[in-house]
Amino acid sequence: MTTVTGDAPAGRGGVLGQPLDSREDPQLLRGEATYVADIDLPGTAHMAILGSPVAHAKILSIETKAAEQLPGVLKVATAADFTDVMPLPCIWIPGGVESHFPPHPYGLPGARPVLTGDTVRHVGDPVAVVVAETPRQAAAALAAIHVEYEPLPVVTRADEALADGAPQLHEAVPGNLNAYWTCGDKDRTDAAIAAAEVTVELDLVNQRTINSPIEPRGAVGDYDPATGEYTLYASTQGPHNHRFLLAALVLGIPFNKLRVIAPTVGGSFGTKGYLYPDMPLVLLLSKALGRPVKWVDTRTGLMSSTVQGRDHRQHVTLAGTRDGRITAVRCTSYANLGAYPSTIGPGVATALMGRSISGMYDIGAAFCEVYAAFTNTVSLGAQRGSGRAEAAFLMERLVDRYADEIGMDPAAVRRKNLVPEEKFPYDNGLGWTYDSGNYRLNFDKAIELSGYGDMPARRAEARTRGKRLGVGIATYVAICGVGPSTRMSQEGMLGGTWESANIRIHPTGEVTVTVGSASTGQSHGTIFAQVAADELGIDPATVQVHEGDTQKAPYGQGTYGSRSYSMAAPAVVLTARKLKAKLVRAGAVFLGVPEDKVVYEGGAIHEEGNPENTKTFAELAMAMWYGWGLPPEIEPALDETTHFDPPDFNYPFGTHVAVVEIDELTGETEVVAYTAVDDAGNIGNPKIVQGQIEGSIVHGLGQALMEAAEYDENGRLISSDLGHYALPRAADAPFFALDKTVTPSPHNPLGAKGAGEIATVPPAAAVVNAVVDALRDLGVRHIDMPLTPEKVWRHLRGESQ
Amino acid sequence: MDITLNVNGRPEQFSAQPNELLVERLRDGLGLTGTKVGCDTGQCGSCVVRLDGRSVKSCLVLTASAAGGEVATIEGVTARGGELSGLQEALRQEHGTQCGFCTPGMVMALGELVDATADGPAPTEPEIREWLTGNLCRCTGYHSVVRGVQRACAASRDEVPAGSAASTAAVPEV
Ligand code: FES
Ligand code: FES
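Sequences listed follow chains P and Z, in order. For the first sequence, my numbering gives the first residue as 1, with consecutive numbering after it. For the second sequence, my numbering gives the first residue as 802, with consecutive numbering after it.
In case anyone wonders, no lab produced these hints; they're calculated from the structure. Treat the hints with caution; some may be incorrect.
Computed beta-carbon distance windows for the label pairs [claimed, not checked]: (1) Z/R881 / P/G451: 45 to 53 Å; (2) Z/T805 / P/G496: 54 to 62 Å; (3) Z/E931 / P/R465: 15 to 23 Å; (4) P/A66 / Z/T925: 34 to 42 Å; (5) P/T227 / Z/E960: 53 to 61 Å; (6) P/R794 / Z/G882: 37 to 45 Å; (7) Z/E960 / P/Q490: 56 to 64 Å; (8) P/A66 / Z/G882: 25 to 33 Å; (9) P/T512 / Z/G830: 19 to 27 Å; (10) Z/G830 / P/I718: 30 to 38 Å; (11) Z/D916 / P/E63: 27 to 35 Å.
Covered, in the sense of this in silico footprint (three residues per stretch, anywhere, with C-beta under 8 Å from a C-beta of chain Z), are these stretches of chain P [stated by the list, open to error]: (12) 162 to 170; (13) 341 to 355; (14) 416 to 428; (15) 628 to 637; (16) 725 to 735.
Computed from the model, here is a short list of chain P residues facing chain Z with C-beta under 10 Å [to be verified]: (17) P26; (18) L41; (19) G266; (20) N502; (21) H506; (22) T508; (23) I688.
Glycine included, each C-beta is placed from N, C-alpha and C at the ideal position.
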């Protein structure tokens, strides 16, 4: 008998589930990691990008002579220099791709050219670049480029962009409508709403936000004329993906002549998975100049060049019975895609949001329609918790509104409508089938841990201090594990979304794991070592992990949508199982017993019932490297790869409870307590996950309380730097009360669900619910985010905006 | 203009333009890339170094104005690959860094707090959070950083860290 089976639960090595310290941390704490700005190749020239100062205009002329003559300037380039380069593709086109052989998305209506030549469509739209000897010389030369613009009318809101007579952004996109997308059953939902005892409606603005990783983006291009090979170093979440987009779709060069390397990446949260003009530009200019070309964004540049997030205007309706049974939910959303379709922005604004709107509730009828429109703003993309946060926000605001309307406790309404355990797998009627869940257990735990029952007393006590206390609950389901490739094609994704891993066991017994994923701060080196060590039954300290270099790593989509642990880690597990199976087969030779008497345990093999007849891991590694005496059907060496394409997504979920205090005099909202009970299935490293959950919650609080990308009526981005765009600081949140439930996913061998960003999904709803709760007796029924002190103060004074 | 700076205990002599920023000198001139640039408005704190013992945002300091001063950067806190300082070790144990981009600035700024309070009572949680106001972190939500400082202060005083309850209770076994 062997102990190797295909479906044995992971965790037998005893190191999974342990809060091992992150092995990446010491290097980061010493400031030794190399980020893209730290890369200094010999002979590097520096690129700067000239962005449009106006939101919408025809370019009449561009005069570059003066800039070309400035000291240190090597090249000034405009769109005219890149006429043979394809526009940047959008690979998530809502609606689905039916063919096995989809066309390349060349010439997609509205696609962004590498530099804009005729019409600029948002502030920051790149119109020219300078390459110079130093970054300062390049930046100085931008000021000497003279562009003549003829202003065009501007529109910055999706609903206004779709109105008759609105300014038109792209000739090929009449009416500015990129996609009209629906999910769910419209007739059934309309009927349920028409027949309902109670209906409530809300008009919601899910404001535009800017992810703001602390490291701005950057790229270094290095062309080698001797080999014809291009190397791109970039702050990217997905080096393989960028290689695909650049080689196959933009530059039209052979795949094997482009290498993409992600060095240490300083946070991303969704923004660094997109293809931006700077990436092809540094490669093309490196080839043109025969030198490496480097570009590092400024913070101000980032604000108007890196994808922004959220940005829906919605009319939402919920129907139910007088006794608290929800019978229908409907959403009409106007999604603002910005000026160009970003790499996957249209998919984020439609499927990721729409299919999630019913959340953790068992509702008979649901329908969502999205009008995705182009406007004169920065392109829309993902933002930590993207789509799912917008969905949770609308549903959880509606549930509170409904509870208020029928005079029932919001916790009781929620509990009554949770999908019951026996209904899993659960088809939510919007296109997702939830894999597993025990929602009541999770919900009850959060309610209890938050001290929900004590709120009346706490409310009264707060009043004695001049504070209004409010409590808000938000639950959520977050689709993660993007994804099953076929399923993603049905959502309109052009590309395989599987993940892969390679494990090589070296002659001396150490192990190298290589994955297609790429960390942006999630301690992949620690966690993938843990996964491999656990499965192989060896010490994680002997396992090295490599990723982020397309020349060394097997294909993979990279890090987004909380997918590394539920997509790449299963590939590691399955690869380790292949190696164990091989060692058992070879072990029959080494131990001189039949294969079914070989036991693999703790990294070694022994004969069943005879522990004396054994070979250690190191002995096996060396013997397999020698390869002596192996039968012809067993290849020497220990080197295996797995490509993991799961049967379906996974669906983490959770319940968060926010308690706020509002200062009666200033309108300032303080989050005084926050409870989060999340369920991410089996967790590989609770210490690392805890860090991600804490960071995610603070990110969500930021949207609720202070973050907003604001454009003026001319389309100028007012929040153009960190002085005008507020990010949460250390004093903005108390320590959180965290707990978890564990419902393993059946869709991968680890029972894992996404974790990294899931806790960003509910905080905005929880906080807004809490603030509205605190102001309910004043007649307040809704306040749009961000809940700035001024806004809240006006509501305290009875002035709505 | 010719300038002398003492950087991490080593005298450095060079000539600098009057508008050169200290962060440019450190990163581009001296190759000390541990100091990071996260913004261009003095908001993020990634570039914090210590100048004559005080934390400063090196993107807001002209090299010329620092002339003759003592600059300490992250590279001077520990040797490459070497043993971590007490603060770094405490941050490591609390997983106070994720992407690590804000981390050098945090270590430098918090180092001043730890030093400044070494002879008195440990800083309280609100004091630590207040001190961190000039340092943005988008990954950690700051909690693990605050716990790290509490741990570092407790360790240097031979106490049980004030934050340890929070950190161990946070994700109990189910
Ligand atoms: S780079 Fe100096 S404060 Fe941001
Ligand atoms: S660890 Fe990433 S910004 Fe702080």
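Hint-by-hint comparison with the structure:
1. Z/R881 / P/G451: 45 to 53 Å: holds, 48 Å
2. Z/T805 / P/G496: 54 to 62 Å: holds, 58 Å
3. Z/E931 / P/R465: 15 to 23 Å: holds, 21 Å
4. P/A66 / Z/T925: 34 to 42 Å: violated, 58 Å
5. P/T227 / Z/E960: 53 to 61 Å: 60 Å Cβ-Cβ, so the 53 to 61 Å window holds.
6. P/R794 / Z/G882: 37 to 45 Å: violated, 56 Å
7. Z/E960 / P/Q490: 56 to 64 Å: holds, 58 Å
8. P/A66 / Z/G882: 25 to 33 Å: This hint is violated: roughly 49 Å between Cβ atoms.
9. P/T512 / Z/G830: 19 to 27 Å: Given range 19 to 27 Å: violated, Cβ gap about 37 Å.
10. Z/G830 / P/I718: 30 to 38 Å: holds, 35 Å
11. Z/D916 / P/E63: 27 to 35 Å: violated, 55 Å
12. 162 to 170: Three-residue rule not met by the region 162 to 170 of chain P, so violated; n is 0.
13. 341 to 355: Per the Cβ count (0), the hint is violated.
14. 416 to 428: violated (count 0)
15. 628 to 637: violated (count 0)
16. 725 to 735: Since three or more residues must qualify, the claim that chain Z covers the region 725 to 735 of chain P holds, with 7 doing so at under 8 Å.
17. P26: holds, 6 Å
18. L41: With a minimum Cβ separation of about 14 Å from chain Z (threshold 10 Å), the hint on P/L41 is violated.
19. G266: holds, 3 Å
20. N502: violated, 25 Å
21. H506: Nearest chain Z Cβ about 23 Å off; hint violated.
22. T508: violated, 22 Å
23. I688: holds, 7 Å
Of the hints listed earlier, those the structure fails to meet are numbers 4, 6, 8, 9, 11, 12, 13, 14, 15, 18, 20, 21 and 22, in rising order.
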